[in-house]
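Chemist: Next come the chains, spelled out residue by residue.
Number of protein chains: 2
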Amino acid sequence: MRPFTFHNPTKIIFGSGTIPQLGNEASRFGNKVLLVYGKGSIKRNGVYDQAAESLRAAGLDIVEFPGVKPNPVLSHAREGIVLAKQEKIEVIAAVGGGSVIDESKAIAAGAANDGDVWDFYTKKAAVEKALPIVTVLTIPATGTEMNGGTVITNENTNEKIGVTYQPLHPKASILDPTVTYTIPADYTAYSAADAMSHLLEGYFNNSDPWTPIQDRYVEGLVKTIMECTEMILKDPSDAQGRATMMWAATLAWNRLAVAGVGKTEFPCHMLEHPLSAIYDIAHGAGLAIVMPAWMTFQSRRDPAKIAQFARNVFDVAEKDDTAAAEKGIAALKSWFDKIGTPTSLSAVNIPADDIAKITDRTLALAKVWGITRYTQETIVEIYGICK
Amino acid sequence: MRPFTFHNPTKIIFGSGTIPQLGNEASRFGNKVLLVYGKGSIKRNGVYDQAAESLRAAGLDIVEFPGVKPNPVLSHAREGIVLAKQEKIEVIAAVGGGSVIDESKAIAAGAANDGDVWDFYTKKAAVEKALPIVTVLTIPATGTEMNGGTVITNENTNEKIGVTYQPLHPKASILDPTVTYTIPADYTAYSAADAMSHLLEGYFNNSDPWTPIQDRYVEGLVKTIMECTEMILKDPSDAQGRATMMWAATLAWNRLAVAGVGKTEFPCHMLEHPLSAIYDIAHGAGLAIVMPAWMTFQSRRDPAKIAQFARNVFDVAEKDDTAAAEKGIAALKSWFDKIGTPTSLSAVNIPADDIAKITDRTLALAKVWGITRYTQETIVEIYGICK
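These protein sequence lines map, in sequence, to chains V and U. All letters in the first sequence, in the order written, are residues 1 to 387 by my numbering. All letters in the second sequence, in the order written, are residues 1 to 387 by my numbering.
Don't read these hints as lab results, they were simulated from the structure. Each residue gets a CB set at the ideal place from its N, CA and C atoms; glycine is no exception. Take the hints with a grain of salt, since some may be wrong.
What the hints assert, rightly or not - From the derived model, a few chain V residues whose C-beta atoms are all more than 12 Å from chain U:
hint : residue
1    : His7
2    : Pro9
3    : Arg56
As the list claims (entries may be wrong) - Cβ-to-Cβ under 10 Å is the rule here; a few derived chain U residues that face chain V:
hint : residue
4    : Met1
5    : His7
6    : Asn8
7    : Pro9
8    : Ile12
9    : Ile13
10   : Ser16
11   : Pro20
12   : Pro167
13   : Ala172
14   : Trp210
15   : Asp215
16   : Arg216
17   : Ala259
18   : Gly260
19   : Lys263
Looking at chain V on its own, in the form it has when it is part of the complex (with noise of 0.2 Å):
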C-alpha cells in the first residue's frame, strides 16, 4: 500500500425509475438549469421527457444545450460555456452518455471561472470552482458520473486531452439500467473492453509489488463485467446482466481500484488514443486491439502479473509464469472474437504500414503524458503484435 487521497462524493442514486429524481437532486443547487444532451437519441428512448419532466416538476428553469458529438470537442464545449454565462446557469443536468458528461464538466468549469476554458486542459490553469453538475447516465463505460475526470479535443490543434479535477465530480449520478437495454451489441461489447481496460491499467502498472484489496477487486469487477457481457450478449434486456454491468462499469473507474497502489501508467490508453483519432474506430475497439498485444510485449519483460491475471480471471493453472501469461493472453483475446470486438490492426483495415506514423502520433502523447518507458522501438513492437 502506497500513500493515498481518495475522495468521490458523488452521490449515486441507482435502479428502474430513478431518473424522475433528476429535478430534486438538481434543484438542490439552483433554479436555473442548463440540459446539456448530445445527438438527439435521449428523446427517441423517452429519456429526454422524463429528466425534462423532472426538472420542471422541481421548478426549474430550463436552457437546453443539445449537440455533443462522441469525442466531445471544444468549440461545442465554449458555446456552453457562453451560453451558461449568459443565462446565469446555476447547475447543470448531464443527459447521456460519457461525451455529454465529459463535455459538461467542461462547460462547468468554464462557466464558474474567467479565462479559457481550455487551460485547464493543457494544465496552464486548475479547477478550484466549478458549476455543480448532476447528471442522468445512459452509456456505462467510460466512468464519468462518478469521478473528476473529463476528456476534451482540441479540434484546431488535434489534441484530445483528460484531465481529472475534484470539483468535477458530480454531485449526484443517476443511473438507470433500463435505459441501456437498447445499446447494441457491437458497443456493449466495446464499453466492456473500456470498462476492462480501466480497470486492468492500473493494475499492470501500479508501482508497489503487494496490492491484494486492490488486485481482488480489480480481478473480481473484470469476471463480472465479461459474465454480465454474455448475459447481455444472449439477451440485451437481461434486468440483471444489464443492472450489474452498469454499477461494475462505475466501479472499475471511480479511482478505488488505484487507491493505495502509488503511481500507475495507462501504456494501453496512450496505445489506442493514436487509432481512434486517425481511424475513427470505436475507443473501446481499439482498447480490444491494443491490450492483449500490450500485455505480450509485457509478458517477454515480466510475465508475473500478466500470469496472476490469467490464473484469478480465466483459472489457467499453469505453475509456469511465462506459459500461464500466454495462456491468459490467448484467452482474453478469444473473450474478445467471442464478443465481437476487433483484436487486430488487420481487423479494423489499418494497414501495417501505417504503424510508423501512428507510433509518431503515440510517442507525442507519451511525451504529454510523462511516460518515459517506452521508446519508439517498444511501440512499432507492440503495434507489430496486433498487425
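With chain V fixed as given, assemble chain U onto it according to the hints.
Modeler: This is chain U only, laid out in the frame that chain V set:
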C-alpha cells in the same frame, strides 16, 4: 442488483506521516475545534502531540474533551454536547478508535441541534445537520471513519443502539497505519473478526440471489484481512500487513459492500451484542464465537451461500453444498482458533445455563432491529452450537 443510493463523501487521507494534515482539514470548517479522545493512550504513542500540534499550527483554538470509554456512553456524550455548545465549537477532531469517533458523532449531532441527542438513537428524531467532524483513526475495525454510523450505550436504560445518518460521515479521516503497530495481538485478532463480520453479514443475509460484484468484493476483502492478520501476528510492525489491514477494515463497512444487494440483516451482531453487554467481552471476540455457529444454523436451512463462501475463500473443493459449507465453517473456526480469538461460550467462561437469559436479551434486540426470522427456539439453537 437492487435499487440503492450510495453517497460516501468522506475524504480519506492514507499513509505514514499524514497526521500533520489534521489541522488543515479541520480549519476548512472553522477556528474553534473540540479535540475528542479516549483514556490517554494517544498521549503515550505520540498521536496526541502530532494532532494537537497540527491543529495549533493551522491556527485553531482547541477545547479538549478526553475520557471517551470503549463502548461509549450517553452521559459522557451529553457532557461533550454541553461543552461544545458552551464553547461555540465549529468543528470536532476525533482522535482515536471507533469509540472516540462514534461518540464524536453523537456530540456533532447533539451540538448542532436542540432537543435530546438520545432521540436520534431511538429514532424519535433524525439528524439533518451536524457539526463537521474530522478524524484520526488509531484502531482499524469498525469502519466508522468512513460511514455515517454511530453506536452509543445509554447506561440508564442499558440500551446499546447503533444508527446511521448521512450528515455524520466524517468530512475527512486520516489513516496512518504506523500508529496501529502497537495494537496488541488479541485486539488485532478481534478487529479482524469484526471487520470480517461487517462484510459477511451482508454477504450471507442480502435479498438478491445474484450479486457478483458485491460477493467478489467481500470474498476478496475477507481473504485479504486473513492474510494481513497472519502477517501482523508474525510481525506487529509488518508495514504492508498493517497498512492493508487498515484500508481493508475501512472498505469493509463503508457501505459499498451492501450497495445494490437489497435489504440486509445482521443476525451475528444481534447474537453478539448481549454477550459483550452482559459479560464485558470484546465485540470482536463475541463475533468470532457466534459467526461459525450462525453459519452452521444457516447451512442446516440453506447451505448454498455458505458453500460459496467455503469454495471462494477457503478453496473447498466439495461439490455438495452441505459438505462444502461444513468444511468452510470448520476452516473459519480453525482460523479463528489459530489467531487466538475464542470460538465457544465456554472459552470466555459463559455458562451454558445462561443461554435462556441471553436469549431474552437477543429477542428484545431482534424486535428493536426488526429482525423477525429468529424465534426463541432458533436463537437457543444457535447459542447451543457455540456452547
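Chemist: Now look at each hint and say whether the structure bears it out.
Modeler: Consistency of the hints with the structure:
Residue-level check failed: V/His7 sits 4 Å from the nearest beta carbon of chain U, not beyond 12 Å. At roughly 4 Å, the least C-beta separation between V/Pro9 and chain U is not larger than 12 Å, which violates its mark as non-interface. With a least beta-carbon separation of about 23 Å from chain U, V/Arg56 lies farther than 12 Å from that chain, consistent with its non-interface assignment. Contact between U/Met1 and chain V, as hinted, is supported at the beta carbon level, the nearest pair being about 4 Å apart and thus within 10 Å.
A cut of 10 Å between beta carbons decides the hint on U/His7: the least distance to chain V is about 4 Å, and the hint holds. With a least beta-carbon distance of about 7 Å to chain V, the hint placing U/Asn8 at the interface is held under the 10 Å criterion. A cut of 10 Å between beta carbons decides the hint on U/Pro9: the least distance to chain V is about 4 Å, and the hint holds. For U/Ile12, the interface hint holds, the least distance from its beta-carbon to any beta-carbon of chain V being 4 Å, beneath 10 Å.
The beta carbon of U/Ile13 is positioned within 10 Å of a beta carbon in chain V (closest approach about 5 Å), and the interface hint is therefore held. Contact between U/Ser16 and chain V, as hinted, is supported at the beta carbon level, the nearest pair being about 7 Å apart and thus within 10 Å. Evaluation of the U/Pro20 hint against chain V yields a violated restraint, the C-beta minimum of about 13 Å exceeding 10 Å. Violation of the interface hint for U/Pro167 is found here, the shortest Cβ-Cβ separation to chain V being roughly 13 Å, above the 10 Å cut-off.
With a least beta-carbon distance of about 8 Å to chain V, the hint placing U/Ala172 at the interface is held under the 10 Å criterion. With a cut of 10 Å, the hint placing U/Trp210 at the interface with chain V holds, because the nearest CB-to-CB distance is about 5 Å. The criterion of a C-beta within 10 Å of any C-beta in chain V is met by U/Asp215, whose closest approach is roughly 8 Å, and the hint holds. For U/Arg216, the interface hint holds, since its Cβ comes within 10 Å of a Cβ in chain V; the closest pair sits about 3 Å apart.
At a threshold of 10 Å, the smallest CB-CB gap from U/Ala259 to chain V is about 8 Å, leaving the interface hint in force. A distance limit of 10 Å between C-beta atoms decides the matter here; for U/Gly260 the minimum to chain V is near 6 Å, and the interface restraint holds. Residue-level restraint check for U/Lys263 is violated (minimum Cβ-Cβ distance to chain V is 14 Å; threshold 10 Å).
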